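**Student:** The lines below spell out each chain.
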Amino acid sequence: MNTTWSRFNVTSIVLGFAFLYLPIVLLIVFSFNESKLVTVWGGFSTKWYVSLFHNQGLMDATWVTARVGVISATVATVLGTLAALTLTRYTRFNGRVLFSGMVFAPLVMPEVITGLSLLLLFVAVGLDRGFFTVTLAHITLTMCFVAVVVQSRLVSFDRSLEEAAMDLGATPAKTFFQITLPVILPAIVSGWMLAFTLSLDDLVIASFTSGPGATTLPMKIYSQVRLGVTPEINAACTILIAVVAVGVIIASIANKRREVQRQLDEQAAQRG
Amino acid sequence: MSNIAVADAAAPPTAAKPFLTRLGAGFINRLVIIVPYLWLLFFFLIPFVIVFKISLSQTAIAMPPYTPVLDFSDGVSGFFAGFRDLNFDNYVWLTQDALYFKAYITSLIIAAISTVLTLLVGYPIAYGMARAPATIRPTLLMLVILPFWTSFLIRVYAWIGILKPEGLLNQLLLSLHIINQPLVILNTYTAIFIGIVYSYLPFMVLPLYSSLEKMDYSLIEAAKDLGCPPTAAFWKITFPLSLPGVIAGCLLVFIPAVGEFVIPDLLGGSQTLMIGKTLWNEFFANRDWPVSSAVAVILLLLLTVPIMLFQQAQARAQEQGK
Numbered sequence: 008m009n010t011t012w013s014r015f016n017v018t019s020i021v022l023g024f025a026f027l028y029l030p031i032v033l034l035i036v037f038s039f040n041e042s043k044l045v046t047v048w049g050g051f052s053t054k055w056y057v058s059l060f061h062n063q064g065l066m067d068a069t070w071v072t073a074r075v076g077v078i079s080a081t082v083a084t085v086l087g088t089l090a091a092l093t094l095t096r097y098t099r100f101n102g103r104v105l106f107s108g109m110v111f112a113p114l115v116m117p118e119v120i121t122g123l124s125l126l127l128l129f130v131a132v133g134l135d136r137g138f139f140t141v142t143l144a145h146i147t148l149t150m151c152f153v154a155v156v157v158q159s160r161l162v163s164f165d166r167s168l169e170e171a172a173m174d175l176g177a178t179p180a181k182t183f184f185q186i187t188l189p190v191i192l193p194a195i196v197s198g199w200m201l202a203f204t205l206s207l208d209d210l211v212i213a214s215f216t217s218g219p220g221a222t223t224l225p226m227k228i229y230s231q232v233r234l235g236v237t238p239e240i241n242a243a244c245t246i247l248i249a250v251v252a253v254g255v256i257i258a259s260i261a262n263k264r265r266e267v268q269r270q271l272d273e274q275a276a277q278r279g
Numbered sequence: 455m456s457n458i459a460v461a462d463a464a465a466p467p468t469a470a471k472p473f474l475t476r477l478g479a480g481f482i483n484r485l486v487i488i489v490p491y492l493w494l495l496f497f498f499l500i501p502f503v504i505v506f507k508i509s510l511s512q513t514a515i516a517m518p519p520y521t522p523v524l525d526f527s528d529g530v531s532g533f534f535a536g537f538r539d540l541n542f543d544n545y546v547w548l549t550q551d552a553l554y555f556k557a558y559i560t561s562l563i564i565a566a567i568s569t570v571l572t573l574l575v576g577y578p579i580a581y582g583m584a585r586a587p588a589t590i591r592p593t594l595l596m597l598v599i600l601p602f603w604t605s606f607l608i609r610v611y612a613w614i615g616i617l618k619p620e621g622l623l624n625q626l627l628l629s630l631h632i633i634n635q636p637l638v639i640l641n642t643y644t645a646i647f648i649g650i651v652y653s654y655l656p657f658m659v660l661p662l663y664s665s666l667e668k669m670d671y672s673l674i675e676a677a678k679d680l681g682c683p684p685t686a687a688f689w690k691i692t693f694p695l696s697l698p699g700v701i702a703g704c705l706l707v708f709i710p711a712v713g714e715f716v717i718p719d720l721l722g723g724s725q726t727l728m729i730g731k732t733l734w735n736e737f738f739a740n741r742d743w744p745v746s747s748a749v750a751v752i753l754l755l756l757l758t759v760p761i762m763l764f765q766q767a768q769a770r771a772q773e774q775g776k
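Chains as they are written, first to last, in my numbering: chain A, 8 to 279; chain B, 455 to 776.
Among the chain A residues that face chain B by a calculated CB cut under 7 Å, a handful are: (1) Y97; (2) L127; (3) L128; (4) V232; (5) I248; (6) V255.
Chain A residues, not near chain B, derived (Cβ > 12 Å throughout): (7) S52; (8) Y56; (9) S58; (10) H61; (11) M66; (12) V77; (13) I78; (14) G137; (15) Q185; (16) P189; (17) L192; (18) I195; (19) R265; (20) R269; (21) Q270; (22) A276.
Looking from chain A toward chain B, a few residues come up when the C-beta cut is under 7 Å (computed): (23) N16; (24) G23; (25) L27; (26) L89; (27) G108; (28) M109; (29) V119; (30) S124; (31) L125; (32) D208; (33) V211.
Treat the hints as calculated values from the structure; they're not laboratory data.
Keep in mind it's a predicted model, so treat the numbers as computed, not measured.
The beta-carbon is built from N, C-alpha and C at its ideal position, and this holds for glycine as well.
Isolated chain B, as found in the complex (with noise of 0.2 Å):
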């Protein structure tokens, strides 16, 4: 780990000390940042590795139940000699079989349509809490933070029970006589929207809010002064400054909801189709782990530019907080 060279910025002053302090402040320096960094290459990158190696290995049936495939057991000429049996039979499987396609398409267009639907929900709760008084807007903000705080699987669950169609929703609308034929909401893709929506607001609503809540209203007034009507000066003003905002939230609903697992599972029922259920059922009812190694390396490539635009979002982001 030598080639982590620690900032000179971020050591103290150091002259006037003894050696040994400063071999002890270098030496904490770099621990604190050889801890994390080791700490998340091995349980977060070289796991990938692995995913990827595997999903070249073949169905077999052992524990664990795969072939071995560029293994050191036989020495270094042993590994590259795996070379030659590597195998791509998963990924061409993935082509060739139509479910996956459907699969990954109808994930992104899923994810695509809630995060849309989040932000048209999300956007006029932001605003209107960045307008409230300031006051209240604390209490506001833990407001929508408090809901994350409670289990993702709970709120999901309590949507069931609204939703299916002896459910509240339907004994409600039933009782007002809006409708005479319960609504089938439940195991559709209506109910995937809703619970996606619901489950990731308040990821849309904070960087929305934090982006409104520093914009100058004295710009909108100056705009009104100028004659400009309310819509157009949202359009004009409020809306392009809010963009970082929008970017953050609309980047942290989409990325997670493409692999969704739980809310597809218990909200779309055995007919919706989506990635993260797909690679879930090879996993545990199919025990395929090559051709789930194989789900995940694609799904993975799909979303390498969201995950990359949101990292830099998020780098920008803190440029800025300094």
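Isolated chain A, as found in the complex (with noise of 0.2 Å):
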């Protein structure tokens, strides 16, 4: 295989890559510029991490997304994974050419068109924008997500398990929860992630939904941002990039030891 591996497929890898950090890195690099200017190097200096933990709007914000992301992500992994067995087990059901519509279309659609018709909907039911009402809505767009994450892992997933499970006298509920769950169990841990992260990163819809008191975080980078590019920025966006990254190597370790720790297994239940 390695002959293949020209010098061709090795540079166009390597510029790719190249093209997709480099801006990052420099964000990052910046953050901790001792001047003003973004973009004019005069020295090393943490200070600009120093103001930022003094900015209580900021800090605000941050809380606020906080809480947003992990109740949004945590009820869209049980509605994004309910979405996922429907899709895979139910094969024959009225509306269910709608009901894969549905958990398909978010995934494209502009975050505009579902801002503003959230928003809407809202307003119609007599919903005071805030809180709940991002809550709501994030929920909505990441539940997909996590559905097509936890989809991937059930249609790879051996149903004789079950069967032999359900054979041996396990009731559906003992059986979705000894031997379906550990096993889509990854996907769902990657599916709240990537419903988290989402949710975190969401400018667009949050604007729509959102009303007084509940800004978030890209909200308030936002507003920033219009006003120019500033190194305090700089700084919460090296901190938003950090705890994900960390939480991302976290996850994949985990995954790496139980997949060790499942051969280990296997093998010794070869031995016998």
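Please dock the two separately framed chains into a single complex, following the hints provided.
**Tutor:** Here is the structure:
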């Protein structure tokens, strides 16, 4: 295989990853810039991080965003997993086409449309815009992403395991919690993380559905970016990136461990 | 919700089970479908109906800022009488002001060009990944997905510092004496192209990679053995086989790019015209909810065909996965 990995392939990968990562790296580097000019290097400094923590508006927004993210990701994971089960297990029910349409469409729907339509719904039913409405909106958007992630795991799932459990007398609920859930758990965990980061990230839908007192971090960053690029925003972005990166790395290490453990178990079982 | 009949295939073999357990299983099965179904109906489908309804109302200085339309408050007869009051002024308005027409066309063209550019950038990356030694492929895949986890807004913001007149790109090019004058890239359509290609690249690479990785490489070797030059082998074998990935990737980039707001707003400046930005301004700056609803309805109609294609591609991929 190595012979076919030609110089062309290596070059395109290196250039591609440079394109993907260089802007982020530059952003992080300039968050440690002493100078107030973002693009002129004036020496190393962490003063922007210090001033960040004294910016009450930003800290409040961070707290709102974190709460919206955790609540919406958790509810979206439950709903998305149910949706994934529906998509893979129940292949014949009335309205299935509509259902799969409603799961897949939000993935590509322009955010301005989703945001506007949700806002008009909240106004129509008389819900006050704020923390609660942003959370509802994020659940709706992110559950579809969770559904796709979990579904891809369910598709490759060996149904005979469930049948074996039920033949041995396990109830459907017990079968689900003891057999199905552990197998699809990695997908559910990464679905939750995806939902959380999407919620953390969303500007457009939050701007439409949020109200006074529920300004999220992206909304705050956006309003400051419009006034100009500052090292303080770079610092805020760097912290966000760091939080997500740590989360992803922990998750992938945990995943790898579980995989190794599973292989050891299998070997042990084969040795009898 | 009685019309949702649970597929028998999904039900466990129940012959020997007591009645109550069977009832419980059926109930749980139904619940699995009904809960996400109702949620999406209420929070995804019904809102579109409301958008359509509001698009037929008139702007009013009130909260919410539109006249009531098709309201049930006057009973059913009032509801039907309401049909006479429906007003299509907002749609007429959209056709009369050339601004909207131009914004729709510009958005479609920008999205189409960006999609092609993303494909041109993404294809070599996906191809290189699929041909990489199997041991490092998971790492490469992880590296493509990782930027997706970092905030979209942050990634777009990062480009401002690079592209602006006194930005890093101009500093580099000036110091290398490649250019004498700083290039004006920020606040032009070029910046929007760069922003879209950059932000949506993972969406293109992932489906391309998954179809290229599945490909049987011995086909290429067979073609080579039979004297087919590499470029011809690529166009005759590799590209056609990767077509499902190409289609999925292009739709994943094209559809959201048409209605994109953040990228044209931050990188395109005030001169550039895209429909997502127009809708945003109608809503937030002009506070004209009926017109922004009409803009959304037309945008949705424009995207109906690509969205249906996307759903079909998804459904097909799901079938193949089984």
